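K.L.:
Since chain A is already given, all that's left is putting chains B and C on it; use the hints.
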Amino acid sequence: MLKLLLAFLTLTLPFLAHSFSPDHPTDRRVLVLLDDLAVKSSHSLFFKTLQSRGFDLDFKLADDPKIGLQRYGQYTYDALILFSPTVDRFGGSIDLAAILDFVDTGHDLIIAADTNASDLIRQISVECGVDFDEDPSAMVIDHTSYAVSDSEGDHTLIASDDFISSDVILGSKKIEASSILDNAPVLFKGIGHTINSENSLVLKVLSASPSAYSANPNSKLSSPPSLTGSSISLVSVVQARNNARVLISGSLSMFSDRFFRSKVQKAGSPDKHEKSANEQFLTELSKWVFHERGHLKAVNVRHHKVGEADEPAIYRINDDVEYSIEIYEWHGKSWEPYVADDVQVQFYMMSPYVLKTLSTDKKGNYFTAFKVPDVYGVFQFKVEYHRLGYTSVALSKQIPVRPFRHNEYERFIPAAYPYYGAAFTMMTGFFVFTVVHLYNK
Amino acid sequence: MATRTLGALVVLLLAITICEAASVFHPISDSHRSAASELFTQGSFDSLEKAYEALRSFEVLGIDKPDIRGATCKSVVEKLGSSESAPKDLFYALKVNSILKCGVKKEVLEGIASRLKAVVNGASSLLDIYYSIGSLVLIKDQTSEVDVLLADADGVFRSIKSLSQSDGRWRYSSDNPQSSTYAAGLAIEALAGVVSLASSEIDQSMIGKLKRDVSKLFDSVEKYDDGAFYFDEKVDQSPLSTTASVVRGLTALAAVTSEKLKVPGEKILGLAKFFLGIGIPGNNKDFFNQIDSLASLESNKVSVPLILSLPTTVLSLTKKDQLKVKVGTVLGSSAPPLTVKLLRAFSSGSKDASIIASQELKFDKESGYHVLDVLPKSVDVGSYIFVFEVVLHDSEDETVYTTGGLAQVDVFVTGVINIENAEISVLESDKSVETQKKLDLAGENAVSLSANHLQKLRLSFQLTTPLGHAFKPHQVFLKLTHETKVEHIFVVGNSGKKFEKILDFLGLVDKFYYLSGSYDLQLTVGDAVMENSFLRAIGHIDLDLPEAPEKATRPPSPAVNPLLKYGPKAEISHIFRVPEKLPPNHLSLAFLGLLLLPLIGFLVGLLRLGVNLKNFPTSAVPATFGILFHVGIAAVLLLYVLFWLKLDLFTTLKWLGLLGVFLLFVGHRILSHLASTSSKLKSA
Amino acid sequence: MVKPSSSSSSTSQDALALFNSLRSAYSATPTALKIIDLYVGFAVSTAIIQVVYMALVGSFPFNSFLSGVLSCIGTAVLAVCLRIQVNKENKEFKDLAPERAFADFVLCNLVLHLVIMNFLG
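Chains as they are written, first to last, in the working numbering: chain A, 1 to 441; chain B, 1 to 684; chain C, 1 to 121.
Think of the hints as simulated: they come from the structure by calculation, not from any bench.
Bear in mind the structure is a predicted one, so any value in this text is a computation, not a measurement.
There are no misleading hints in this set.
Below are the BS3-like pairs computed for lysine-lysine, each with C-alpha atoms no more than 25 Å apart in a straight line: (1) 614(B) / 34(C); (2) 680(B) / 88(C); (3) 94(C) / 680(B); (4) 272(A) / 324(B); (5) 498(B) / 220(A); (6) 50(B) / 48(A); (7) 285(B) / 48(A); (8) 40(A) / 234(B); (9) 362(A) / 569(B); (10) 324(B) / 263(A); (11) 569(B) / 382(A); (12) 140(B) / 161(B); (13) 223(B) / 40(A); (14) 569(B) / 397(A); (15) 48(A) / 65(B); (16) 614(B) / 88(C); (17) 351(B) / 220(A); (18) 682(B) / 88(C); (19) 60(A) / 50(B); (20) 569(B) / 297(A); (21) 319(B) / 272(A).
Listed below are several chain A residues computed to face chain B (Cβ distance under 8 Å; list not exhaustive): (22) 42; (23) 154; (24) 415; (25) 417; (26) 438; (27) 439.
Looking from chain C toward chain A, a few residues come up when the C-beta cut is under 7 Å (computed): (28) 39; (29) 42; (30) 46; (31) 53; (32) 60; (33) 61; (34) 64; (35) 65; (36) 109.
The beta carbon of each residue, even a glycine, is placed where N, CA and C say it ideally should be.
Just chain A, same shape as in the assembly (with noise of 0.2 Å):
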């Protein structure tokens, strides 16, 4: 089945603006861009996982001149791995405002800073709400949450588990059944960053501890550093408003084989783990990135009155109305009914007036029923769903609101029967006095 699909999409590679496509939302062509084609197979586990998930790498160098995201107006990539953290400039038709394009157009990014990393990765780092230390022979150094090593001795290896609690982001540890990894934390060495705390799109996927600086190993310290404690972002990733997701990891050798075959043994704690959750934690952060995981879409938003089943141009006020909708999420190779009970719908004019939360079925189904407010105008069912992790679903539906026709209030007001009374009294009077009047003598 995945056979066909990979066929059908080389073979409309050339008609297809990109392969990513709102019903296929997994990317598929990646560009792997490398400052030497050694990374290729020190980082070869890595680039395995993605291949067998059915991605299709394409390794170029950095400087390649014959490199470029578009031919021809169209994008024949539909992500980008920047493993090439000392890259002062791209070859080809790549610089800084191409990346920047192809994010802005909805393509996914994934950057390896590392020590030196250039300043044309910053910038682009930048661009996308992650600050990178600006001393550029600075690394994450922790004296207390460092990995032990025979080997290395600056505590510049860091053992990390400081993960941001999403389950979407993460992937559920409890499916993978690894034993081995048993809360192991993630072998990192590199360079740290920050995030604005008032961006709402870039989140701290893997934080250092309380401990951890920024700061050169070999020279001392005499003011303090910049970049200390948790507010140290080891791992972001962004997601921005166009569902574009960019993970930036301070830590090129993070990647590599060395470091998911490795042993970790954290600082102060007597567990040895047999290996680290490097390549757990990449592996499932990399599905989140490429969209095979978190990618929702919601369908089929349909309202009626209760009772019928048409879909009405225009409400009255004080009517009943059912409003459902279907969200499903796709699981890298199919969609799959999305589960939540949090989903809210807005009936919205100027402000929300009703705001329910919908209750599923939970094979997709989201609905509920609600009264017409009293006031009329135009409104709007609007649904917008913003979640850690997932892709904001934002709808809405424009629909009418009428106030009542003349002829439909009651029809006999009970107040006013005596005056109902009083006319028709009247009317039996003077019929009676019509009579009365012509023939009495």
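P.N.:
Okay, now just chains B and C, sitting in the frame of chain A:
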């Protein structure tokens, strides 16, 4: 040019990140073996070249894989039997056969040999000659019954030599002007093969020229800072494959020439370090190149490199770790008898005089390590550079092996740092002490202090190494965190052993954004060689700072937990407009009843008045009209009622019109009749 | 006319005397006119009851209130007009045939009732 330096930089980076340490190389170990099993996982291989790569790697590493034999041997026999196979296919088939020993028939080999000889004599491309010569050499090794010797070995030698360049590199063929180091490796290997296949002795002067070419080639070798040597080619081949090719060529040549090749041992050792420094490559070809080259170097005839490695470069004074050194071959086999001396050791930061005297390490036969039982007493915590010297016992071994002379290794000596006399106090502006509290920085503390902006806070403690010297850790931070999560970090300075930090709040008022309140105190002390680095909460201090003036900078807003931004919002339900309060139904109904009273009163009054209908016309026609008139009025009134109930105005008016005409007519008749009767009565 | 003797009982006696004279004078009116008077009384009392109701509960369906009250008052006015025209002692309307007046009355009432029905809601 830029790419070259870039490439070098990056490979250096990779060397640093991939190598176990900048200066320590480790021979092949079990992790290589397990990686090999993972890497070459297929049962049957796409091509014999790939099969050979896998099998050779398994052979070198000593891994046994019996299951691949059947299918591979089948394709070997097929390739060797086919008359269309190119020299390259035959080459790899024979390579696989030499490992698996598939039992190829002598006749097949004879046929191949004669074909190959023809190719050798007529070929013009280096690759064809290489594969053919290589295949012939393999046949020679596998069976002595087939004649593979070359008649015109000199001629072949010359034709290969003709493709060489002045800088020691080779061209691929006479029409291809590009020279390549990789091709040089192939050529040297091929020439070594020619020498071994020569039926008669080859001209020694030509071999001498070849050796000079090899020396020239080695002049162009590149070097890393950590002592690794490699050959690089910009196009087509990676440094690994190029270096592997040269090593294969060199070792092949050394095996067939009687005199030693003049290649400095340092360079051979450097090449070995290059291969070891790659770690575990991730793809088959790289892995094969690494392992095959190391196998060639293990027992080469130029000089066998001996690698000095330390199992651990982090020694702990508390655990009384011993310094262990291992010297062995690249594949991990044991070295000839030798002694390892620790010549000197000095601090990484300063190249001062050595802190220890030169001493020998004891060789422990069982473990194979050279051990220094006890670190010299003068070695305190810190990072050092240890300089080792390897001395071979047997002077003859020096021609066979190369040790690289002196080896410099970065060593970290860690230990527990003593923290004493820790105290925190609040001082008045005239340095007199207001409050003073002792701290136990080995455990938790929770002091509670208070100060105003005119006072100072002083924290002081003493750090000493296990040997009693002063120690300055890399990280000594004092952090104050306000309730609103605003943080301030200070570096605690020292003079000798005493560490002291005085916070003068008067000068810090601005930095603290004039925020008064409770600040949490936290001390972090850490260093690479400090085994007991810590981050401790000391307690809290209530600061009373003056009010912020208008122009003061605002404190940074506290970080918002991103998870809070993404949450469901509170539900809103619309409050409907309350309809006006209407009177209760029964009141309306009561009044409805009340309204009937006047009607009844009217009717009763009429009866009391004694009304009669005497004036009603008696004759038929006027009577009918009369009745019709009143019926018409009633009809109109009923029409009105219907109109109120459900008709619309237009229908009503239509009917009204009709009824009205009728009523007019009828009314006119009856009224005129009544008028005439009353006038008759009057006149009468 | 009897002249009141003392001032204390003069007003009440006057009122009583007035009332009696009014009653006797009224009984002299012809029946036809009495019928019309009765009708007017009926209409006005109905109107008063409606106004009292409105004072109690408020004028919520104001249109219904107006319609009800107007039907009473309107028809009372028309009846008064009819009385004036039919009363033989009125010199101005000597030439007008009472049937003609009655026809007008009926027509006006029918129009009035149409309007009332429309406005009743």
